[in-house]
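Work out the full structure, taking the sequences as your base and the hints as a guide.
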Amino acid sequence: GENVEQHPSTLSVQEGDSAVIKCTYSDSASNYFPWYKQELGKRPQLIIDIRSNVGEKKDQRIAVTLNKTAKHFSLHITETQPEDSAVYFCAAHFLTGGSQGNLIFGKGTKLSVKP
Amino acid sequence: EAQVTQNPRYLITVTGKKLTVTCSQNMNHEYMSWYRQDPGLGLRQIYYSMNVEVTDKGDVPEGYKVSRKEKRNFPLILESPSPNQTSLYFCASRGLALNTGELFFGEGSRLTVL
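Order-wise, the sequence lines are chains A and B. Residue numbers for the first sequence follow my numbering, beginning at 10 and rising by one. Residue numbers for the second sequence follow my numbering, beginning at 3 and rising by one.
If you're looking for bench data, these hints aren't it; they were derived computationally from the structure.
30 Å max Cα-Cα, derived BS3-like pairs, lysine-lysine: (1) A/K116 x B/K67; (2) A/K67 x A/K116; (3) A/K31 x A/K67; (4) A/K46 x A/K119; (5) A/K119 x B/K59; (6) A/K51 x B/K71; (7) B/K20 x A/K51; (8) B/K19 x B/K67; (9) A/K77 x B/K59; (10) A/K116 x A/K31; (11) A/K116 x A/K51; (12) A/K46 x A/K66; (13) A/K123 x A/K46; (14) A/K116 x A/K80; (15) A/K51 x A/K123; (16) A/K46 x B/K67; (17) B/K59 x A/K46; (18) A/K31 x A/K80; (19) B/K71 x B/K20; (20) A/K31 x B/K59; (21) B/K73 x A/K116; (22) B/K59 x A/K80; (23) B/K67 x A/K51; (24) A/K116 x A/K66; (25) A/K51 x B/K19; (26) A/K51 x B/K59; (27) B/K73 x A/K51; (28) B/K20 x B/K59; (29) B/K59 x A/K116; (30) A/K46 x B/K73.
Note that this is a predicted model, so its numbers are computed, not measured.
Right, dumping it as structure tokens:
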């Protein structure tokens with residue numbers, strides 16, 4: 010069925026190190042892949058997204074890569090800071106099957122950045 | 003200001019007492035969705051709507067109802083709330099032009115059912 014798998018579920022890094030979160034999706038026709046950050050007690054907010062016609066996108070310390078052949082995309086955070094500590098969700102926009110038109114989320118990754 | 007507004011933000015109620023959580027967006031978005039969030043379980047989709055009068059079940063629809071009579075509103079109805087529906091609820095909306103619109107979330111509604 011329609012699915013987005015996200016790994017790892019928890020990630021702990023030292024300040025200044027890099028963090029990588031990976032997601033796979035089941036619908037090969039999916040064309041839009043956003044990442045959301047949710048700080049404690051707040052709503053999820055979009056931090057970066059990528060469309061299927063692009064392989065990589067960067068925004069300062071954050072980057073997302075997409076491998077359409079493998080149906081795999083990743084979030085990369087470099088030079089992590091304590092304020093990067095949050096739960097991160099990946100998502101994919103499904104274009105076929107029972108979830109056509111729906112945005113499906115992964116289960117989230119809790120990132121902890123230790124000072 | 004573009005926003006998704008949920009009400010109430012906090013509610014304590016008792017088992018069996020019908021309640022409605024309202025959601026309204028001012029961005030003329032076609033797509034709206036409800037999620038519940040419990041500790042360690044991420045965002046679980048309850049219902050979503052692709053446009054007026056079009057609604058579909060998400061992952062956890064049992065015990066909930068929705069309606070989409072107007073484009074801007076997407077209320078979540080709990081006909082007979084039970085304690086296992088105690089949760090944090092988020093409403094969200096996005097435009098569907100080009101299938102790549104950002105999903106905007108409301109601030110959340112924390113519901114406790116005693």
